[in-house]
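Asks: Each chain is listed here by its residues.
Number of protein chains: 2
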Amino acid sequence: MTWSNFESLLRRNLAMAQVVAKAFAGSAVNVSGVVGGQSLSTSEAPKSGVCLGASSSDIWRKCAIFVDSGLRGGVKTTGQSVARRTIRAAVVKESPARPTSLVGEGNGSKKKKVMILGGDGYCGWATALHLSKKGHEVAIVDSLVRRLFDEQLGTQTLTPIASLQKRVKKWKDLSGETLDVYIGDVCNFEFLEHAVKSFEPDTIVHFGEQRSAPYSMMDRDRAVFTQHNNVIGTLNVLFAIKEFVPECHLVKLGTMGEYGTPNIDIEEGFITITHNGRTDTLPYPKQASSFYHLSKVHDSHNLAFACKAWGLAATDLNQGVVYGVHTPETSLDEVLINRLDYDGVFGTALNRFCVQAAVGHPLTVYGKGGQTRGYLDIRDTVRCLELAIINPAKPGEFRVFNQFTEQFSVNDLAALVTKAGQKLGIEVKTAHVQNPRVEAEEHYYNAKHSKLVELGLEPHYLGDALLDSLLNVAVTYADRVDNEQILPAVSWKKIGTKPKTVKPSGL
Amino acid sequence: MTWSNFESLLRRNLAMAQVVAKAFAGSAVNVSGVVGGQSLSTSEAPKSGVCLGASSSDIWRKCAIFVDSGLRGGVKTTGQSVARRTIRAAVVKESPARPTSLVGEGNGSKKKKVMILGGDGYCGWATALHLSKKGHEVAIVDSLVRRLFDEQLGTQTLTPIASLQKRVKKWKDLSGETLDVYIGDVCNFEFLEHAVKSFEPDTIVHFGEQRSAPYSMMDRDRAVFTQHNNVIGTLNVLFAIKEFVPECHLVKLGTMGEYGTPNIDIEEGFITITHNGRTDTLPYPKQASSFYHLSKVHDSHNLAFACKAWGLAATDLNQGVVYGVHTPETSLDEVLINRLDYDGVFGTALNRFCVQAAVGHPLTVYGKGGQTRGYLDIRDTVRCLELAIINPAKPGEFRVFNQFTEQFSVNDLAALVTKAGQKLGIEVKTAHVQNPRVEAEEHYYNAKHSKLVELGLEPHYLGDALLDSLLNVAVTYADRVDNEQILPAVSWKKIGTKPKTVKPSGL
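Quick mapping for you: the protein sequence lines, in order, are chains U and W.
The opening residue of the first sequence carries number 1 in UniProt numbering; numbering runs sequentially from there.
The opening residue of the second sequence carries number 1 in UniProt numbering; numbering runs sequentially from there.
These are computed hints drawn from the structure, not numbers from a lab.
Glycine included, C-beta positions come from ideal geometry on N, C-alpha and C.
Heads up, a few of these hints could be off.
Some chain U residues close to chain W (C-beta under 7 Å, calculated; not the full set) [unchecked claim]:
1. 285
2. 298
3. 301
4. 302
Chain U with its partners taken away, still in its complex shape (with noise of 0.2 Å):
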């Protein structure tokens, strides 16, 4: 087939998005997959535009939905034969000033070079696999030290991950894609320095947090740990950002716990106050309630401070609770399934309830159950850091998104559970069990979430479907479940001075 006819094919299929190869300009690659189910191959490079490469696997009939973006930008090539770091490295300097919208236009210039940071987290290894998917070049910074906790909590995911090299060795297998790997840790500056100069990429992904309330909560070395950790990790990033690669965009994942619940609506990072007959429009006030929630507000001041002074560009994501596991691309295969926490201390409200339910366990609501949050699905997670990612903040631009799709109180999603597992000829039991946080149980809470939308999110709403496919991750792996694990570990009163041990089972 040559590369005219493949052109004209991929052109006509563009409204399925059903492309399955990534572009790339400037060298001549063979071009091979499937394209609803009818094989593609080429050698031929354009002699302007771009060219595609792929590698031929059965990934492609798995899972073809790789979109074009390459086929409908206008990234201009140089028709010689380079290796790729290089080329790529050149579209990003030749490629105009950043592009402000993705809605309505063609967006197959928008490749970047993406590092992400957690890279094999559970929000960040979804994230990677589907970047890596729509054609963008994705390094993996990560320091593993999630695993750790789990070995020292005696925790485990209910779904077995595979190490993070079987991972990126599996993707490669199926995909064909490379995701570059550097293990360490971001508040280690030297390793930092060396990653980013390596790369050379053009955003930053910063998944790479102590990321649990309770965890900062367990005992003073741990709260030390995430404050330290996470503010420092950043500003580190800060500073790499800076030095090394001013023009990067950071993407940073804030929370919705930011916030808090006030009693007035809570709008996307800013708020316009008038008073004593003034205006002004400031920073959204911050009441979060964990040390964890609270390196997350220290890090969103920092991160202002930085685009303010240094003219950095960045976005701060405050995420909602995220449930879900898999998505199209960690389901590929099961080495490349993402982690699924349902523990008293990595463990969030949805997934939780989910395998508890699997398991006969009683939902445990905490206290009352009327604190309500903002929720998304993790194939929403993905979308939403590919919208910010393709539409990045201006230079000197503190951007913030509120990055949630639905608002539901604990006792929403106990009574959703409960429906669903119902049509699974499961019983679920509900009980209220002492609230272990200092948090209000019943409180006015509305958030706006309109800006991802209007970069032209379309949520999955959580639904009997949703819940099915939770509900039947949860029982496929339910002989993983330790049911000491479940109930609420960590008081968020009763931390104390001591590092907290944990009492090997049985003993």
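Since the structure of chain U is provided, determine the placement of chain W on it from the hints.
Replies: Relative to chain U, chain W alone:
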């Protein structure tokens, strides 16, 4: 002279506040000193009320302004002669729930055991002596790292400060009062635990932070040091209070710089916002503009959480720029003299201007000079601290006071120093230098500061007398001025990742 005569004399002289004794409860001691030129002494302890204790020294002839806090109060005593600390602790424990107001009441019973973190620093040292003079039992905790900064930067205070050991000994010699000293770093929790358990404070005053914005903007290493040192140190303090002295009132030094320069009035810590038809009182939005100022923002959020989650009592003193060098206590003897920083890193605006005027250096106004901030006399700093201490926050309360007395623009200050210089026969010139900071140079600024006045603060306003005095100090020590240290040495935009070193003079 008998107790009755002495008491009578003291009462007659109350209006002049020329009292030469310090009150404490329950032990029989000799009293001697000079009031209004008359020698006083007594060894008779009263059966109720308080007795007085003071060692004989020429301090009384130099500065007989010890206020008789004890005399006006109503401390009940046992009449038994027991060790001083034991009695003090008993008094603290027997005292009624925290009093809420100084105004209109005798405050003799409000003797506190105050641990001052950073008690060797500019504000800390003056506060330690003031509180000791006022009859509080004082311990100083300090790592002395501020002195190391001077060594490393090649800077020194204009005034020749003595070692902490000599300072404390001199104070003991002059006043008879002991300042307990704990040398160590509050980031070292083991050290902090020892100090807190040993002293058992009912109040902790936390000045123990890296307090220079330029220092925090020198290089990545110092930015990271500042945020780590300040945030982790404060976390340790919060944990130490929760674990070892949960009733202890934390008086934490914040900064007016946490608020930035919003286009609306700045309130004291909180603002009531009506938004979309609903109303809530929320933390005032923060817009800090250096890694130092940001560290204080982080602290404030951590404090608010600790008060809410654990029921701690804390007062956040958002202090303005402090000027002046002498307090009645630090000027008693040159060994007690306070530091006066004029260098580009640790020097603050008004102090630096006075030194510049004294040595004939043009006043270095950064940029347009319209930067407006709150200022206060160091004699008001120590008084504000005492007011916050003797009127503590309630358990669970996170209280914020804006601690300054007047607002000035940098241009205002330059004009005032110029005018004061003329009176001393000094010709003062002003030079507008490039602003090394990133800040608005013309802006609205109206910050509330009524809460400390409501507690009884009677401000020293910036006038010719103060400028004369500050200018005279500068002239006295003018031969110690290093002209190379005067100009701004740190640029907000040029901060890099390489540690900034200081070139030895003349090399």
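Asks: Hint compliance check: list the failing hint numbers for this structure, sorted ascending.
Replies: Failing hints: none at all.
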